[in-house]
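J.: Numbers in the numbering used here are just positions in the sequence shown, counted from 1, shifted up by 23.
Be careful, since some hints might not be right.
To be verified - Derived BS3-like pairs (lysine-lysine); straight-line CA-CA distance at most 27 Å: (1) Lys143 - Lys53; (2) Lys68 - Lys124; (3) Lys157 - Lys81; (4) Lys81 - Lys53; (5) Lys157 - Lys68; (6) Lys43 - Lys53; (7) Lys149 - Lys81; (8) Lys56 - Lys124; (9) Lys68 - Lys83; (10) Lys83 - Lys149; (11) Lys43 - Lys81.
The set of hints was computed from the structure by calculation and includes no laboratory data.
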Amino acid sequence: MLFSESPSLLLFSEEQKREKAVEWVSRMKKSFKDDGLGFFSCYLKNDNTFIGHCGILKRKFFDEDIFELGYAILRRFWNNGYATEAAGLCINFAFESLELKSLSAFIEPGNTASILVAQKSGMAFKQEIFLENKNLRHFTILNTDTIE
């Protein structure tokens, strides 16, 4: 299960991991209901094997609506470009279909794999921030079609 592999959950018991998974599903349902946004499951094209999820969430940070890109791929599928491909598809969807002006990603400084995915997807480092009791690196990409 994807939640079992999350580095941020390694110290949690199986019961706590289940609770976190249930919380996450509830958040996704609420996000789809409220904003029409959320995370989608990712599958291999050739055999429909589940490999992770990716998507966009609308969040309120610093009294501002921020659209956040997120992705998580099961460890055994790392280093195949799947996260970068999924992130790119989400960015295209955000800009072409949703016509968003920008998209952000908030990544823990030690998560070098996710930082590389953000950079390969065209996102640029904006700033270090303290958010939700964590130090995070804020990456962003602008929709150049909406810049005036």
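J.: Is it true that the CA of Lys143 sits at most 27 Å from the CA of Lys53?
T.: violated, 30 Å
J.: Has the given pair, Lys81 with Lys53, been kept, meaning a C-alpha gap of at most 27 Å?
T.: holds, 11 Å
J.: Does Lys68 lie within 27 Å of Lys157 when you go C-alpha to C-alpha?
T.: violated, 36 Å
J.: Assess, step by step, whether the Cα of Lys157 is no farther than 27 Å from the Cα of Lys81, and give holds or violated.
T.: holds, 19 Å
J.: Between Lys68 and Lys83, does the CA-CA distance stay at or below 27 Å?
T.: Distance of about 34 Å is beyond 27 Å: violated.
J.: Hey, Lys68 versus Lys124, does the alpha-carbon distance stay inside 27 Å?
T.: violated, 30 Å
J.: Would you check the hint for Lys43 and Lys53, treating anything up to 27 Å between C-alpha atoms as holding?
T.: The given pair, whose Cα atoms are some 15 Å apart, holds under the 27 Å limit.
J.: Take a quick look at whether Lys83 and Lys149 sit within 27 Å of each other, Cα to Cα.
T.: holds, 18 Å
J.: Does Lys81 sit within 27 Å of Lys43, going by the straight-line distance between their CA atoms?
T.: At roughly 20 Å apart (the allowed maximum being 27 Å), Lys81 and Lys43 satisfy the hint.
J.: Decide if the proposed pair is consistent with the structure: Lys149 and Lys81, CA atoms, cutoff 27 Å inclusive.
T.: holds, 19 Å
J.: Holds or violated: are the alpha carbons of Lys56 and Lys124 at most 27 Å from each other?
T.: Judged against 27 Å, a Cα distance of about 22 Å means the pair holds.
Checked against the numbered hints given earlier, the structure breaks hints 1, 2, 5, 9 and satisfies all the rest.
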